[in-house]
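Enquirer: Letter by letter, the chains look like this.
Number of protein chains: 2
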Amino acid sequence: MRAHVTKKILSEGLSLLERVIPSRSSNPLLTSLKVEASAEGLTLSGTNLEIDLSCFVPAEVQEPQNLVVPAHLFAQIVRNLGGELVELELAGNELAVRAGGSDFKLQIGDFDAYPPLSFPTHADVSLDAAELSRALGSVRYAASNEAFQAVFRGIKLEHRGESARVVASDGYRVALRDFPANGDGRNLIIPARSADELIRVLRDGEARFTYGEGMLSVTTERVRMNLKLLDGEFPDYERVIPKDIRLQVTLPATALKEAVSRVAVLADKNANNRVEFLVSEGKLRLAAEGDYGRAQDTLDVVQGGMEPAMSLAFNARHVLDALGPIEGEAELLFSGSTSPAIFRASGGGGYMAVMVTLRV
Amino acid sequence: MRAHVTKKILSEGLSLLERVIPSRSSNPLLTSLKVEASAEGLTLSGTNLEIDLSCFVPAEVQEPQNLVVPAHLFAQIVRNLGGELVELELAGNELAVRAGGSDFKLQIGDFDAYPPLSFPTHADVSLDAAELSRALGSVRYAASNEAFQAVFRGIKLEHRGESARVVASDGYRVALRDFPANGDGRNLIIPARSADELIRVLRDGEARFTYGEGMLSVTTERVRMNLKLLDGEFPDYERVIPKDIRLQVTLPATALKEAVSRVAVLADKNANNRVEFLVSEGKLRLAAEGDYGRAQDTLDVVQGGMEPAMSLAFNARHVLDALGPIEGEAELLFSGSTSPAIFRASGGGGYMAVMVTLRV
Numbered sequence: 277m278r279a280h281v282t283k284k285i286l287s288e289g290l291s292l293l294e295r296v297i298p299s300r301s302s303n304p305l306l307t308s309l310k311v312e313a314s315a316e317g318l319t320l321s322g323t324n325l326e327i328d329l330s331c332f333v334p335a336e337v338q339e340p341q342n343l344v345v346p347a348h349l350f351a352q353i354v355r356n357l358g359g360e361l362v363e364l365e366l367a368g369n370e371l372a373v374r375a376g377g378s379d380f381k382l383q384i385g386d387f388d389a390y391p392p393l394s395f396p397t398h399a400d401v402s403l404d405a406a407e408l409s410r411a412l413g414s415v416r417y418a419a420s421n422e423a424f425q426a427v428f429r430g431i432k433l434e435h436r437g438e439s440a441r442v443v444a445s446d447g448y449r450v451a452l453r454d455f456p457a458n459g460d461g462r463n464l465i466i467p468a469r470s471a472d473e474l475i476r477v478l479r480d481g482e483a484r485f486t487y488g489e490g491m492l493s494v495t496t497e498r499v500r501m502n503l504k505l506l507d508g509e510f511p512d513y514e515r516v517i518p519k520d521i522r523l524q525v526t527l528p529a530t531a532l533k534e535a536v537s538r539v540a541v542l543a544d545k546n547a548n549n550r551v552e553f554l555v556s557e558g559k560l561r562l563a564a565e566g567d568y569g570r571a572q573d574t575l576d577v578v579q580g581g582m583e584p585a586m587s588l589a590f591n592a593r594h595v596l597d598a599l600g601p602i603e604g605e606a607e608l609l610f611s612g613s614t615s616p617a618i619f620r621a622s623g624g625g626g627y628m629a630v631m632v633t634l635r636v
Numbered sequence: 277m278r279a280h281v282t283k284k285i286l287s288e289g290l291s292l293l294e295r296v297i298p299s300r301s302s303n304p305l306l307t308s309l310k311v312e313a314s315a316e317g318l319t320l321s322g323t324n325l326e327i328d329l330s331c332f333v334p335a336e337v338q339e340p341q342n343l344v345v346p347a348h349l350f351a352q353i354v355r356n357l358g359g360e361l362v363e364l365e366l367a368g369n370e371l372a373v374r375a376g377g378s379d380f381k382l383q384i385g386d387f388d389a390y391p392p393l394s395f396p397t398h399a400d401v402s403l404d405a406a407e408l409s410r411a412l413g414s415v416r417y418a419a420s421n422e423a424f425q426a427v428f429r430g431i432k433l434e435h436r437g438e439s440a441r442v443v444a445s446d447g448y449r450v451a452l453r454d455f456p457a458n459g460d461g462r463n464l465i466i467p468a469r470s471a472d473e474l475i476r477v478l479r480d481g482e483a484r485f486t487y488g489e490g491m492l493s494v495t496t497e498r499v500r501m502n503l504k505l506l507d508g509e510f511p512d513y514e515r516v517i518p519k520d521i522r523l524q525v526t527l528p529a530t531a532l533k534e535a536v537s538r539v540a541v542l543a544d545k546n547a548n549n550r551v552e553f554l555v556s557e558g559k560l561r562l563a564a565e566g567d568y569g570r571a572q573d574t575l576d577v578v579q580g581g582m583e584p585a586m587s588l589a590f591n592a593r594h595v596l597d598a599l600g601p602i603e604g605e606a607e608l609l610f611s612g613s614t615s616p617a618i619f620r621a622s623g624g625g626g627y628m629a630v631m632v633t634l635r636v
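Note that the protein sequences, when read in sequence, are chains A and B.
No gaps in the numbering here: position 42 of the first sequence is 318 in the numbering used here, and each next residue is one more.
No gaps in the numbering here: position 334 of the second sequence is 610 in the numbering used here, and each next residue is one more.
Each hint should be verified, as a subset may be incorrect.
Copies of the same chain are indistinguishable here, so a pair counts whether it falls within one copy or spans any two.
As the list claims (entries may be wrong) - Below, computed lysine to aspartate or glutamate pairings styled on EDC-like, alpha-carbon distance capped at 16 Å:
| # | residue 1 | residue 2 |
| --- | --- | --- |
| 1 | Lys284 | Glu438 |
| 2 | Lys533 | Glu605 |
| 3 | Lys533 | Glu552 |
| 4 | Lys381 | Asp567 |
| 5 | Lys545 | Asp567 |
| 6 | Lys559 | Glu583 |
| 7 | Lys284 | Glu603 |
| 8 | Lys559 | Asp379 |
| 9 | Lys284 | Glu363 |
| 10 | Lys381 | Glu482 |
| 11 | Lys533 | Glu557 |
| 12 | Lys381 | Glu565 |
| 13 | Lys504 | Glu336 |
| 14 | Lys381 | Asp544 |
| 15 | Lys559 | Glu360 |
| 16 | Lys284 | Asp507 |
| 17 | Lys533 | Glu603 |
| 18 | Lys381 | Glu363 |
Please keep in mind that the hints were generated in silico from the structure rather than gathered at the bench.
Predicted, not measured: the structure shown is a model, and the values here were computed from it.
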């Protein structure tokens with residue numbers, strides 16, 4: 277086999293696969309990259325047993341052959357090459373990688389021993405890739421990386437007629453985002469770590485879904501991905517969304533982020549980074565206290581609702597996470613000192629964070 | 277005490293001190309920042325017992341008083357403040373820090389218990405701060421962070437009449453840089469870790485040196501620093517600088533850095549990252565070999581000297597370090613396959629790296 281491919285396109289494909297393919301594994305074959313050549317180009321693929329990923333790279337190929345190479349070394353070599361055009365040539369058990377004055381000979385692995393990876397060719401439903409990626413990215417923070425209950429380590433995708441919704445929760449907070457979608461898909465739970473990779477590979481165009489047994493395949497113009505789904509019942513998060521809003525404030529999200537970051541410096545790390553929110557007379561006063569002193573910050577807000585004043589406490593870390601996806605004006609909806617609160621963008625946008633309050 | 281100071285200037289001073297003052301210590305007082313107020317401003321100082329550092333910050337001060345505060349918390353608070361003007365007010369055992377809508381109350385420490393820090397007022401000799409900083413920065417890499425022999429963890433400063441020289445070595449390589457200097461100073465060895473801080477605080481203007489017992493004080497317009505010197509005999513590094521140059525090549529430093537980085541990907545980490553240099557007929561061929569394959573790169577060079585060809589081997593890591601301070605054209609001077617080699621900038625500049633070769 278002999279192939280000519282531009283360094284830029286090959287590097288881009290390799291950088292996606294590098295994130296999925298483990299750099300170390302008790303099964304060294306899993307650290308390999310599978311390269312399948314056809315007249316039109318190279319299909320690069322790999323797996324970490326949770327996610328299978330495949331990416332097509334257009335190339336000029338003569339005498340197509342298939343091979344496996346050490347994924348991370350190959351990617352590192354390609355990235356460091358001088359010159360724009362890369363020549364690959366398979367000779368014996370070595371893959372030559374050439375560009376400019378460089379000539380690398382990389383030992384290849386055993387192609388036949390590599391686990392077969394198969395990707396579906398039909399699609400069951402299709403979503404807008406950019407919308408899906410943004411929605412997953414907005415709620416990802418609320419999923420836990422360690423929670424004992426598997427569903428708290430996942431992101432639920434719900435089809436709701438004219439729209440779809442992603443929801444994540446770690447049991448203390450809920451983040452959700454609605455986005456436009458057509459078609460009836462299945463509700464399913466994607467492991468948060470797999471969602472991270474999905475967020476990375478999705479760009480423009482369509483994300484075509486194919487449902488399998490405990491598994492989802494996502495196909496875009498560039499890539500194909502299989503991912504294992506999480507089993508289990510996602511908690512009834514709608515139950516915790518407060519309906520009876522008694523006080524509401526609107527203020528620039530950035531000002532609130534900065535003020536919370538500021539007072540959190542003195543918040544007690546051993547008491548949930550507790551920051552108090554005191555609303556009254558068009559002011560939001562933030563206060564925190566710890567071993568080294570006290571902090572206070574006052575912000576002007578637009579205040580509404582039937583209660584004239586309210587005092588609540590939150591975990592500063594959680595407040596900052598919840599504000600992360602909000603640009604422009606933020607709207608904070610309070611239903612009481614001991615009830616969950618809603619943070620969302622003023623004017624909608626489909627995103628909402630629901631947070632428990634700390635005991636006052 | 278009450279002081280008004282601009283956030284930018286105060287933050288800059290604090291960021292220098294934050295690097296020296298430990299964030300944790302078995303003696304909690306050492307994590308404090310000392311603030312001495314006068315009518316003209318605030319003198320901030322701290323120590324890690326290796327280095328004492330002091331920095332003057334102009335401020336408007338009423339009823340000057342002295343205090344100590346937790347250094348890292350105070351710096352973090354100031355950095356996060358909104359607004360350009362910071363108000364500091366000492367009341368009881370709390371320091372109020374105010375700006376914009378923020379009001380922090382930080383508990384102060386026991387000023388009298390803090391170790392006295394004294395800085396000399398006269399100067400023995402004076403060097404150009406920018407030249408000294410650049411020279412120290414160029415040779416720092418060659419000093420070891422772990423070597424058993426203390427002098428290998430230091431940088432030697434030599435006064436040589438019309439010039440000064442800094443030299444560092446870890447026993448396998450030597451880096452030196454000459455720079456213009458007037459006056460007769462003492463030769464001394466600065467711990468490399470203290471040199472790191474010195475590099476950071478030196479900018480323009482003069483660096484005034486005052487010699488003490490096993491100690492050097494450096495004063496600039498902004499800062500005053502005391503540092504402990506290393507005791508011991510610096511090795512006779514001039515002995516290893518080869519005099520009999522038999523082959524010499526000139527090529528762009530960047531091209532060589534990139535090519536060495538490239539082939540080093542396949543070099544054997546367990547064999548000193550060995551990269552071979554083969555010079556002949558106006559070409560420099562780099563070659564490396566490891567468990568996963570072989571790499572080769574060919575560069576055009578301007579070749580000179582009486583030997584028509586030579587083959588040498590180096591540690592790739594050391595080659596990259598040695599090339600670090602070289603911009604433009606690099607000159608490699610070889611005296612034989614088993615003798616040390618010289619890397620320097622073509623056309624001088626005072627910097628020179630000397631490296632042992634690996635066995636061919």
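Enquirer: Does each hint fit the structure? Answer for all of them.
Expert: Taking the hints in turn, this is what the structure says about them:
Taking the shortest alpha-carbon separations for Lys284 and Glu438, neither the intra-copy value of 39 Å nor the inter-copy value of 51 Å comes in at or below 16 Å. Only within a single protomer do Lys533 and Glu605 lie at most 16 Å apart by alpha-carbon distance; the minimum there is 11 Å, versus 49 Å between protomers. Taking CA atoms no more than 16 Å apart as the test, Lys533 paired with Glu552 passes inside one copy only; the shortest distance there is 14 Å, against 54 Å between copies. In this assembly of identical chains, Lys381 and Asp567 lie within 16 Å of each other by CA distance solely across copies; the values are 11 Å between and 60 Å within a copy.
Proximity of Lys545 to Asp567 under the C-alpha cut-off of 16 Å is restricted to the intra-copy arrangement: shortest distance 10 Å within a copy versus 48 Å between copies. For the homomeric pair Lys559 and Glu583, the shortest alpha-carbon distance inside one copy (14 Å) is at most 16 Å, but the shortest distance between copies (82 Å) is not. In this homomeric assembly, Lys284 and Glu603 never come within 16 Å of each other (Cα to Cα): the closest approach is 33 Å inside a single copy and 27 Å across copies. Only between protomers do Lys559 and Asp379 lie at most 16 Å apart by alpha-carbon distance; the minimum there is 15 Å, versus 67 Å within a single protomer.
Taking identical chains as interchangeable, the C-alpha atoms of Lys284 and Glu363 lie at most 16 Å apart only when both belong to the same chain, with a minimum of 13 Å there against 53 Å between chains. For the homomeric pair Lys381 and Glu482, neither the shortest alpha-carbon distance inside one copy (39 Å) nor that between copies (54 Å) is at most 16 Å. Taking CA atoms no more than 16 Å apart as the test, Lys533 paired with Glu557 passes in neither setting, with 21 Å inside one copy and 63 Å between copies. In the homo-oligomer, the alpha carbons of Lys381 and Glu565 lie at most 16 Å apart only across protomers (9 Å), although the nearest pairing inside one protomer, at 61 Å, exceeds that limit.
In this assembly of identical chains, Lys504 and Glu336 lie within 16 Å of each other by CA distance neither inside one copy nor across copies; the values are 34 Å within and 64 Å between. Taking the shortest Cα distances, Lys381 and Asp544 sit within 16 Å of each other only across copies (14 Å), while inside one copy they are farther apart (56 Å). With identical chains, the CA atoms of Lys559 and Glu360 are never at most 16 Å apart, being 58 Å at best within one copy and 22 Å at best between copies. With identical chains, the CA atoms of Lys284 and Asp507 are never at most 16 Å apart, being 39 Å at best within one copy and 53 Å at best between copies.
Proximity of Lys533 to Glu603 under the C-alpha cut-off of 16 Å is restricted to the intra-copy arrangement: shortest distance 11 Å within a copy versus 43 Å between copies. In this homomeric assembly, Lys381 and Glu363 come within 16 Å of each other (Cα to Cα) only inside a single copy, at 12 Å, whereas the closest approach across copies is 65 Å.
Taken one by one, the earlier hints fail for this structure at numbers 1, 7, 10, 11, 13, 15 and 16, listed in ascending order.
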